[in-house]
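Can you join these two chains into the complex? Each is in its own frame, and there are hints to help.
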Amino acid sequence: MRTLTLNRLLWICGALLAVLFVVVVLALKVGAVPISMTDLAWNLVRVIVGRDTQLSSEYGLIIFGLRLPRIVLGIFVGAALSVSGAGFQALLRNPLADPYVLGVSSGGSFGAILALIFLPYMPLVTPLAAFVAATATVAMVFFLGRRQGQLDNTTLLLAGVITNSFFSAVIIFLMTTLKGGEDRGMLYWLMGDLSTPLAASVRWMFGLGLIIGIGAIYTTAADLNLITMGEREAMHLGVDVTRVKLVVYVSASLLTGLAVSVSGAIGFVGLLVPHAMRLLFGSDYRVLIPTSAIGGAIAVVVADTLARKVVAPTELPVGAVLAIFGAPFFLYLLRRRLA
Amino acid sequence: MSGTENYVSIEVARGTEKQTAATVRLSVEQASYAYHSRGNTAPVFTLAATTFSARQREIVTILGPNASGKSTLLKLIAGALEPLSGRVELEGFETSRLDARTRAQRIAMVHQESQLLFPARAWEYVLQGRHPYGRMLRFETEEDVNIAENAMAQVGAKHLRDRWMHEISGGEKQRVILARALAQQPLLLLLDEPTLHLDIGAQVDLLERLRQLAAENRYTVVVVTHELSLAAEFADQVVLMHKGKCLRVGTPAEVYRRDLLEQVFEAPLDVDLGPEGRPRVHIRGAKPPG
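Taken in sequence, the protein lines are chains A and B. Following our numbering, the numbering of the first sequence begins with 1 at its first residue and continues without gaps. Following our numbering, the numbering of the second sequence begins with 1001 at its first residue and continues without gaps.
Fair warning: there could be bad hints in the mix.
What the hints assert, rightly or not - Computed, partial: chain B to chain A, Cβ under 7 Å:
1. Phe1118
2. Leu1137
3. Arg1138
4. Glu1140
Said to hold, decoys possible - With beta-carbon atoms standing in for the labels, derived distance ranges:
5. Leu66/A - Lys1158/B: 39 to 47 Å
6. Phe21/A - Gly1134/B: 29 to 37 Å
7. Thr219/A - Thr1141/B: 14 to 22 Å
8. Thr219/A - Ala1067/B: 39 to 47 Å
9. Leu119/A - Ala1067/B: 44 to 52 Å
10. Gly1156/B - Val241/A: 29 to 37 Å
These aren't lab readings, by the way, just hints derived from the structure by calculation. C-beta atoms are modelled at their ideal positions from N, C-alpha and C, and glycine is treated no differently.
Isolated chain B (complex conformation) (with noise of 0.2 Å):
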């Protein structure tokens, strides 16, 4: 079986699981969470209840300062932390009582890298994505090694597939990264603060990227950033985060009004709109041309 047809089936069987969850797929529903330093003392942080829902092909942006929470929610999406209140479902089922397996199986996470502890080549890494659908052993089948071809050319990497990863510019590690998501095959896709290290034309790259597998591969994207201007460009929904708290959900239109930003950002800002309706944020003094 190759690997387009074996992914074509997955979309057929989980199409017709649930019609009417096709229009949602995540919902977070007064999700809270709080964390302890020691045993029973106050919660050093809290996340209040946050509540948003996204469907396929949708890219939901997490946006807020440092220390706002964004990470805290990214692991409550994920499944890696139970919410204290509320529920996370992915297609009607809570993302932190799926096994760890079949959580991997649906959910993708993209993080900062992590330091490889031995060198690897860039194609070992991206196959690394496969190892929820193995077993024991986990010798690589040929729909294996195809699906991890295709994963690297859906982003741009396949040129890249012999590198060593330790070799590589930080923009080209980013979409290897990314490819192993990809080999996943998951419906969610979380990244988090995925262009903290890139130069403005790898973000612009990613993110361009990110839209179009979205679209593509009917994924539902959550990216976590303080980025404004990012958030701005490519999210359909923006979740803004501030001190622990959801303050608004909307599209950037809605969410960017010049005096929520500045609470949440502390500094001095101005909001237009751009075209295609979205919003531009300058940093004030610095005028907008024209």
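Bound conformation, chain A alone (with noise of 0.2 Å):
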């Protein structure tokens, strides 16, 4: 038996850290403009060591003005996305929930629309209001995946699915009649797409929502490896069940709700992901949380390297690549896991 160490967490998430090095660097590299390998060392080495000025401007804009920005953003939305999958698997006791699946992100993405069209010029209502229907949305879920007083993994499924088409179709009808002060095409709410960056006003709010959101969840981490086990042992091994639940239910929609608000319904990488990871490192969720962060931040980062890439110049939303080897793999992990 190997039992969890701090030391093997931490050699585990810093292997996982270089991967994610690897993937940003590559991802700043490939693009409609091409930029070579010497080029994107040599500058990088510059900016490290504080003589940025002797940057081109074309390619300080190229890097630091597009893709960087662009990379940063994928790795919050997909570390927020993955943790909150993470989390809403062990909190409704489906191996197969996910945001999108459940249809959290599409409602929170109502939101998010809401606040654009009717407080357009407040830009931290938008994640606050996309928090707000996210939150709603699961427990209206939860409610209606309930047969007879218990959670029934297909109802819950299903009632997911229904609820994604309905905010759907009313996110297309918003979008079709109010075009207030939304830009944004309908794809990208639909799909998800990381073409718009952060702004800078709300940047540190979503950081911190990021950090505070895991954070929460990842204190729990201990307690979830009992729930995932049976909530009523977990009872009686001393696990306050209700208060982990409460936990756990509003992190994950606030994850869910900021991730929406700056990147639209992003797709599979909350049942990708801490799929993935639980085959690489064990269902552990002391592991699985912080490997599902980094894991997420690259899953997200490579996905929309190749929606930038393959039909450059121009590109693809981001969810539609993760849908297309979302779906595939996650067969393929499944049979793998059974053999």
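Here you go:
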């Protein structure tokens, strides 16, 4: 038996951070305008040693004005969505739970759009409205997903799918009839897209929300391990099940709300990444939460790089790329687990 | 500090706490409960005041047919429900008033197995029994690992250590679940229908282990079951339940009266006395040998 130690946890996270670093460097290099590896390396070194005045303006604009903000956004959104997915899976006792599949993402998008239409000049209201709408959607799906007072796995997923189509339809309706303060396209909200960089005014709030959300879920990691093995048993092993579920519910909704308010409804990250991490490092939530955060960042940055590269000079929404690669990869993981 | 030393020191500390209570560890005094389906309506099920007590090393069986109130009584003992009236005390503390962590250090509950959401190895499962003793992230100490290893050895599950929980048999699973309860190092071990999905060999094996564990680890064991013959064979005390009432408390020989059992189980039964004064129950028609 190999128990989890702090050392092992740090090694795993360190290794994943190294992968993330490589992915970020590659993402900076790849794009419609080709940039050679040596140019990139030299210029990164110049920035690191503080001699960024030597950068050419065109280069500086592409790397630091366009690609880097987008990558940072991808890291934030990926981490938020996959930790949120891992949280929902334990909370709803359903391995297929994911903010997108459950309709929470489109619920959050709906809230964000309402805020953008009616309060267009208050940037902080958008993520807040997305958070509130996401929280309400989880509650709604939860109650729709119950049969005879018991949470039923299939009913829950169906409730999520239906909620998702309903909110998607409402979003389409709102976008076609009231074009208020919202100039991002319909596809942005329905499929997810990283092309709109984070406004400087909300950056701090997003970062803070991300840390609070992931941190709060992480404090319950050991309890979540027991809850996934049975709530009744967890209670008899000293877990305050109600408190843990409340913490995870609010935090996972917060993370989803934040993510959709800046990138629309990106799907499959919350399903794919936690499962991939479970296959790699086991089901222990003490490992799963941090590895899902880093893994989610890697997945979204990779997917977005592909979205920019594959059909350059135009680009795909990142959610489409994730859906195309996500579903078959998930099936593959599922088959391998069963073998 | 090794696991065994720790275990001994806990026992010593508890022993000096209350010498008088060493005779009675668990006391259920006039404990009752009522379930309501909704707010102010009449209760849908009531458990009438029930009284019994148990010492350490004693196996108590709560016996009765389905819907007789066995599980409710077990929940009251476990402290998961607060009695409507009366008291349930473990070494002088009311079980429902203990905080969840302390309760989990003193009372271990073995349920029929629950569905695991994600695959887990047997050792991971057993180590969960150390949860009530840990802090925030609960990285397991060497001591926790030793205690878990000992627990698995005690139930004969050492060879299952690295197996997946979904790949082992029902009887093996039951042993691993029992090992997790032992890893909690409780005073009181509660089991809810532990023999339900086991074949007869595994049932006897489990109950013999329970008797051995009660003797070696000084547990008080409470088993809920509807298996008449197993209860007769292994219990020191039987609490007979029927339609939410406790009909009789006593040794198997005292409780196993033909008229009483026939009334409770609604079946034609014969009772005779086996060796060691333990009663044996037969369905009438199937004649006892000899």
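Taking the hints in turn, this is what the structure says about them:
{"no.": "1", "hint": "Phe1118", "verdict": "holds (4 Å)"}
{"no.": "2", "hint": "Leu1137", "verdict": "holds (6 Å)"}
{"no.": "3", "hint": "Arg1138", "verdict": "holds (4 Å)"}
{"no.": "4", "hint": "Glu1140", "verdict": "holds (4 Å)"}
{"no.": "5", "hint": "Leu66/A - Lys1158/B: 39 to 47 Å", "verdict": "violated (60 Å)"}
{"no.": "6", "hint": "Phe21/A - Gly1134/B: 29 to 37 Å", "verdict": "holds (33 Å)"}
{"no.": "7", "hint": "Thr219/A - Thr1141/B: 14 to 22 Å", "verdict": "holds (20 Å)"}
{"no.": "8", "hint": "Thr219/A - Ala1067/B: 39 to 47 Å", "verdict": "holds (41 Å)"}
{"no.": "9", "hint": "Leu119/A - Ala1067/B: 44 to 52 Å", "verdict": "violated (57 Å)"}
{"no.": "10", "hint": "Gly1156/B - Val241/A: 29 to 37 Å", "verdict": "holds (31 Å)"}
The structure fails to meet hints 5 and 9 from the earlier list, while all remaining hints are met.
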